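Now for the letters of each chain:
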Amino acid sequence: MIDSLGVPQSVLLLGGTSDIAMATATRWIGLGTGRIVLAARPSSRRDDAVARLQTQGAKVEAVDFDALQPSTHAAVIEQARSGGDIDVALLAFGLLGDAEQAWHDVDVAVELAQVNYVGAVSCGVALATAMREQGHGVIVALSSVAGERVRRSNFVYGSTKAGMDGFFLGLGEAVRGDGLRVVVVRPGFVHSKMTTGMDTAPLSVTPEQVAEATVDAVAKGRDLVWVPGPLRVVMSGLRHVPRPIFRKLPL
Amino acid sequence: MVADRQVLSGWGGTAPSSALLEAVDPTTVAEAIRSSNGRGVIARGLGRSYGDAAQNAGGLVVEFGHTSDHIVLDRDASTATVSAGVSLDVLMRALIPHGYFVPVTPGTRFVSIGGAIAADIHGKNHHVDGSFGSSVLSLDLVDGTGETRTLDPVTTPREFWATVGGMGLTGVIVAATITMRRVETSRMTVDTERAANLDELLTIMADTDDRYTYSVAWIDLLTRGRAMGRSVLTRGEHATVDELKPRQRRHPLDFDPGQLLAAPDLIPTSLIGPLSIRAFNEVWFRKAPKVRRGEITSLGGFFHPLDGVGAWNRLYGPRGFLQYQFVVPFGAEDVLREAVDRITSAGHASFLAVLKRFGSGNAGPLSFPIPGWTLALDLPADQSLAPMLDRLDDLVVSAGGRVYLAKDSRASASTIAAMYPRLDEFKAVRDEMDPGRRFTSDLARRLNLTEGP
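Keeping their order, the protein sequence lines are chains A and B.
Those letters in the first sequence? Residues 1 to 251, by my numbering.
Those letters in the second sequence? Residues 1 to 453, by my numbering.
Hints were generated in silico from the structure; no laboratory data involved.
It cannot be assumed that every hint is accurate.
[Said to hold, decoys possible] Okay, derived cross-link-like pairs now, SDA-like style, lysine to any residue, Cα gap no bigger than 20 Å in a straight line:
{"#": "1", "chain 1": "A", "residue 1": "Lys-220", "chain 2": "B", "residue 2": "Gln-383"}
{"#": "2", "chain 1": "A", "residue 1": "Lys-220", "chain 2": "B", "residue 2": "Gly-317"}
{"#": "3", "chain 1": "A", "residue 1": "Lys-193", "chain 2": "A", "residue 2": "Asp-66"}
{"#": "4", "chain 1": "A", "residue 1": "Lys-220", "chain 2": "B", "residue 2": "Val-7"}
{"#": "5", "chain 1": "A", "residue 1": "Lys-193", "chain 2": "A", "residue 2": "Ala-51"}
{"#": "6", "chain 1": "A", "residue 1": "Lys-220", "chain 2": "A", "residue 2": "Asp-178"}
{"#": "7", "chain 1": "A", "residue 1": "Lys-220", "chain 2": "B", "residue 2": "Leu-385"}
{"#": "8", "chain 1": "A", "residue 1": "Lys-220", "chain 2": "B", "residue 2": "Ser-384"}
{"#": "9", "chain 1": "A", "residue 1": "Lys-59", "chain 2": "A", "residue 2": "Leu-31"}
{"#": "10", "chain 1": "A", "residue 1": "Lys-193", "chain 2": "A", "residue 2": "Thr-26"}
{"#": "11", "chain 1": "A", "residue 1": "Lys-220", "chain 2": "B", "residue 2": "Arg-314"}
{"#": "12", "chain 1": "A", "residue 1": "Lys-59", "chain 2": "B", "residue 2": "Ala-417"}
{"#": "13", "chain 1": "A", "residue 1": "Lys-220", "chain 2": "B", "residue 2": "Ala-386"}
{"#": "14", "chain 1": "B", "residue 1": "Lys-427", "chain 2": "B", "residue 2": "Thr-145"}
{"#": "15", "chain 1": "A", "residue 1": "Lys-193", "chain 2": "A", "residue 2": "Ser-44"}
{"#": "16", "chain 1": "A", "residue 1": "Lys-59", "chain 2": "B", "residue 2": "Ala-413"}
{"#": "17", "chain 1": "A", "residue 1": "Lys-220", "chain 2": "A", "residue 2": "Gly-32"}
{"#": "18", "chain 1": "B", "residue 1": "Lys-290", "chain 2": "B", "residue 2": "Asp-207"}
{"#": "19", "chain 1": "A", "residue 1": "Lys-193", "chain 2": "A", "residue 2": "Arg-45"}
{"#": "20", "chain 1": "B", "residue 1": "Lys-287", "chain 2": "B", "residue 2": "Val-354"}
{"#": "21", "chain 1": "A", "residue 1": "Lys-59", "chain 2": "A", "residue 2": "Arg-81"}
{"#": "22", "chain 1": "A", "residue 1": "Lys-59", "chain 2": "B", "residue 2": "Gly-452"}
{"#": "23", "chain 1": "B", "residue 1": "Lys-427", "chain 2": "B", "residue 2": "Asn-362"}
{"#": "24", "chain 1": "B", "residue 1": "Lys-427", "chain 2": "B", "residue 2": "Pro-157"}
{"#": "25", "chain 1": "A", "residue 1": "Lys-248", "chain 2": "A", "residue 2": "Glu-100"}
{"#": "26", "chain 1": "A", "residue 1": "Lys-220", "chain 2": "B", "residue 2": "Pro-387"}
{"#": "27", "chain 1": "B", "residue 1": "Lys-245", "chain 2": "B", "residue 2": "Asp-191"}
{"#": "28", "chain 1": "B", "residue 1": "Lys-245", "chain 2": "B", "residue 2": "Ile-96"}
{"#": "29", "chain 1": "A", "residue 1": "Lys-220", "chain 2": "B", "residue 2": "Leu-315"}
{"#": "30", "chain 1": "A", "residue 1": "Lys-248", "chain 2": "A", "residue 2": "Arg-149"}
{"#": "31", "chain 1": "A", "residue 1": "Lys-248", "chain 2": "A", "residue 2": "Ser-236"}
{"#": "32", "chain 1": "B", "residue 1": "Lys-290", "chain 2": "B", "residue 2": "Thr-192"}
{"#": "33", "chain 1": "A", "residue 1": "Lys-220", "chain 2": "A", "residue 2": "Gly-30"}
{"#": "34", "chain 1": "A", "residue 1": "Lys-220", "chain 2": "B", "residue 2": "Pro-318"}
{"#": "35", "chain 1": "A", "residue 1": "Lys-59", "chain 2": "B", "residue 2": "Glu-451"}
{"#": "36", "chain 1": "B", "residue 1": "Lys-290", "chain 2": "B", "residue 2": "Glu-200"}
{"#": "37", "chain 1": "B", "residue 1": "Lys-290", "chain 2": "B", "residue 2": "Thr-203"}
{"#": "38", "chain 1": "A", "residue 1": "Lys-220", "chain 2": "B", "residue 2": "Asn-313"}
{"#": "39", "chain 1": "B", "residue 1": "Lys-245", "chain 2": "B", "residue 2": "Glu-184"}
Just so it is clear, the structure is predicted and the values come from calculations on it, not from any experiment.
So that you can see chain A by itself, here it is in the shape it has in the complex (with noise of 0.2 Å):
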């Protein structure tokens, strides 16, 4: 169970190698959370997180997920279930890819879409029913500033953020009444693995702020955070901008 103070008892990563996942299931242990259930493809890189995490004193259970396998995303929720209730799930997947090729090469756009979207979206609807089930839990979605205006520099990935960062907010609307909540977490760019050798955007972000933010936000109640703070701001600004100009702006 979460407790009074925001501190869930067990979390669910799904996608649990990723840089913010593990820096967010640290600062969870960190509080007291007890259990981690890593969900990721068998690599040795997933041995060597459960491996960190269990130094840092949780119970760690690893699980088999690829998310490009919606048909099995149910079954892979109900594994992480079988040893106690998920107080709180993190979507921390995703496929960032080569923004000039993905709109190039079909395959690599679809293997975008089916990721970040597709993969998203059937882990939502199973994790929803598990947890209406349980009676309880937070889903926390891992989005991107690029979904909220999407650009040119990186629109296949941008489009997919888009897709996602609204069906989870319309899941934590459909919930409510449920006991449930979805926090929709909206980084701006974030250095980790995923992006080593990009160049960097104004506002970035380490993954250790991402997971504070969504500690916090779990922790207060808040369905929607950008990361960091005041990108809120220059986003509702840029939602605005004329297309024209839009276009012309170095982003």
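Chain B: place on chain A using the hints.
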């Protein structure tokens, strides 16, 4: 049967969860228990437990309707047989005019008889009379198999004492027979005095508490330094007719406490911040007389001052609040002092902090009171409190103390196991009474109160 899915939380308004809420009466309880799914069932009274004791995520929550409520007074034996859904408020309004007061009352009248037994509540007279369970002569309970059983401390001591303080996990209490206290009037005579700091307070209480039936200290947890722990101590007795003013003597047993005001329905943010709390504490301390003896007050004013403000819990805003209450044995005054020091230094303002001396405990394995000092305080729910409260838990465990399950909303399972060394004994009795482990709650899940030995 009426059942619908509802989001429930405790009085602190934290950690809500949804469950099927079903109104039952004594004839339909067994059927409801048998119909519960794998997520189990728990009884809910008036929802005054601060944390997650009376909610059951994904399962069934039963509450009593009031159509079959009854109160049967036996004047000769000075006992009352009462259905479990009846509140202390209703019981007092019914029986005080006849000269009978409840054996134990907490700081609110809005608790049910079932909840009072399940939490084994205590009041200002604990140092003399013990907790609520000590006044229960027998109780009727529907167990996990749907069987109605009559339990009492003589013929079924294990089951009876597992139920007293058992947080509803041994079954649904349907009715109980309790010993009532004879009173001549519905008023109190109260002595009030101020203590300049914690040490002075402890000395006064240790030396003179036993002269009074009722005693409690309000303690300021904001003032630091030499005046740390400055307090207002109020102690009293039921007034006799002779002590009343002539005008009051005409109707000595009148009892009709009203509600003065109610907190508004919608409070967007917390109205309780460090500044408002500091001002409140200052005024409260200053307005108390240095010493005042023999003041005649109403029962409500003495026992239930907060019942005068409807839904005061909403004042903490949408994020809610928690209450931290612990007890440490006599001799562990240094731990009490350190706890007060840590809370005061942390600057987490608390509106309502009360200190009380407990007398002997009872045989309930999960009953909270043990002889010693108990401190209770309210805190706005904020994650930054977690490290301090965890450290306080460690201090309390090291002193052989414990926190109160009816108020807990954030302790860990291992901490609770260390605080309640008879937890395994409780689980064993519980498993006999509920072999299918149907009774459970969010509290039980969070603290692992029912699973495995």
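Hints and how they fare:
A hinted pair counts as satisfied when its Cα atoms are at most 20 Å apart, and A:Lys-220 with B:Gln-383 qualifies at roughly 8 Å. Taking the CA atoms of A:Lys-220 and B:Gly-317, the gap is about 12 Å. The hint holds against a cut of 20 Å. Restraint check: the Cα-Cα separation between A:Lys-193 and A:Asp-66 comes to about 19 Å, which is no more than 20 Å; the hinted pair holds. For a cut-off of 20 Å, the pair hint linking A:Lys-220 to B:Val-7 stands: about 18 Å separates their Cα positions.
Proposed proximity of A:Lys-193 and A:Ala-51 is supported: the alpha carbons are some 19 Å apart, at most 20 Å. Under the criterion of a C-alpha separation no larger than 20 Å, the hint pairing A:Lys-220 with A:Asp-178 is consistent with the structure, at around 18 Å. At most 20 Å may separate the alpha-carbon atoms for a hinted pair to count; A:Lys-220 and B:Leu-385 meet this at roughly 13 Å. A distance of roughly 11 Å separates the Cα atoms of A:Lys-220 and B:Ser-384; the hinted pair therefore holds under the 20 Å criterion.
Using a Cα cut-off of 20 Å, the hinted pair A:Lys-59 and A:Leu-31 holds, with the two alpha carbons roughly 14 Å apart. At roughly 17 Å between alpha-carbon atoms, A:Lys-193 and A:Thr-26 fall within 20 Å of each other, so this suggested pair holds. Restraint check for A:Lys-220 and B:Arg-314: the C-alpha separation of about 16 Å stays at or below 20 Å, so the hint holds. Straight-line distance between C-alpha atoms of A:Lys-59 and B:Ala-417 comes to about 19 Å, which keeps the hinted pair within the 20 Å bound.
Between the alpha carbons of A:Lys-220 and B:Ala-386 the distance comes to roughly 14 Å, so the proposed pair stays at or under 20 Å and holds. Under the criterion of a C-alpha separation no larger than 20 Å, the hint pairing B:Lys-427 with B:Thr-145 is consistent with the structure, at around 16 Å. Taking the CA atoms of A:Lys-193 and A:Ser-44, the gap is about 16 Å. The hint holds against a cut of 20 Å. A hinted pair counts as satisfied when its Cα atoms are at most 20 Å apart, and A:Lys-59 with B:Ala-413 qualifies at roughly 15 Å.
Using a Cα cut-off of 20 Å, the hinted pair A:Lys-220 and A:Gly-32 holds, with the two alpha carbons roughly 17 Å apart. A C-alpha spacing of about 18 Å is found between B:Lys-290 and B:Asp-207, which places the hinted pair at or below 20 Å, so the restraint holds. A threshold of 20 Å between alpha carbons decides the hint, and for A:Lys-193 with A:Arg-45 the separation of about 12 Å falls inside it, so the pair holds. With a C-alpha separation of about 17 Å, the suggested pairing of B:Lys-287 with B:Val-354 holds against the 20 Å cut-off.
Distance restraint check for A:Lys-59 and A:Arg-81: the Cα-Cα separation of roughly 14 Å lies within the 20 Å cut-off, and the hinted pair is therefore satisfied. Restraint check: the Cα-Cα separation between A:Lys-59 and B:Gly-452 comes to about 18 Å, which is no more than 20 Å; the hinted pair holds. Simply put, B:Lys-427 and B:Asn-362 have alpha-carbon atoms about 18 Å apart, close enough for the 20 Å limit, and the pair holds. As the CA atoms of B:Lys-427 and B:Pro-157 are separated by approximately 15 Å, the hinted pair is consistent with the 20 Å bound.
As the CA atoms of A:Lys-248 and A:Glu-100 are separated by approximately 18 Å, the hinted pair is consistent with the 20 Å bound. With a CA separation close to 17 Å, the supplied pair A:Lys-220 and B:Pro-387 stays within the 20 Å bound. For the suggested pair B:Lys-245 and B:Asp-191, the alpha carbons sit about 17 Å apart, so the restraint of at most 20 Å is met. About 19 Å separates the Cα atoms of B:Lys-245 and B:Ile-96, which keeps this hinted pair within 20 Å; it holds.
In summary, the hint linking A:Lys-220 to B:Leu-315 is supported, as the alpha carbons are separated by about 17 Å, within the 20 Å threshold. Taken as a hint, the A:Lys-248 and A:Arg-149 pair is honoured in the structure, with Cα atoms around 14 Å apart against an allowance of 20 Å. Taking the CA atoms of A:Lys-248 and A:Ser-236, the gap is about 18 Å. The hint holds against a cut of 20 Å. A threshold of 20 Å between alpha carbons decides the hint, and for B:Lys-290 with B:Thr-192 the separation of about 8 Å falls inside it, so the pair holds.
Among the hinted pairs, A:Lys-220 with A:Gly-30 is consistent with the structure: their alpha-carbon atoms are about 18 Å apart, no more than 20 Å. For the hint pairing A:Lys-220 with B:Pro-318, the CA-to-CA distance comes to about 9 Å; that is within 20 Å, so the pair holds. For the hint pairing A:Lys-59 with B:Glu-451, the CA-to-CA distance comes to about 18 Å; that is within 20 Å, so the pair holds. A distance of roughly 13 Å separates the Cα atoms of B:Lys-290 and B:Glu-200; the hinted pair therefore holds under the 20 Å criterion.
With a C-alpha separation of about 16 Å, the suggested pair B:Lys-290 and B:Thr-203 falls inside the 20 Å cut-off, and the hint holds. Distance restraint check for A:Lys-220 and B:Asn-313: the Cα-Cα separation of roughly 18 Å lies within the 20 Å cut-off, and the hinted pair is therefore satisfied. With a CA separation close to 14 Å, the supplied pair B:Lys-245 and B:Glu-184 stays within the 20 Å bound.
Checked against the numbered hints given earlier, the structure satisfies every one of them.
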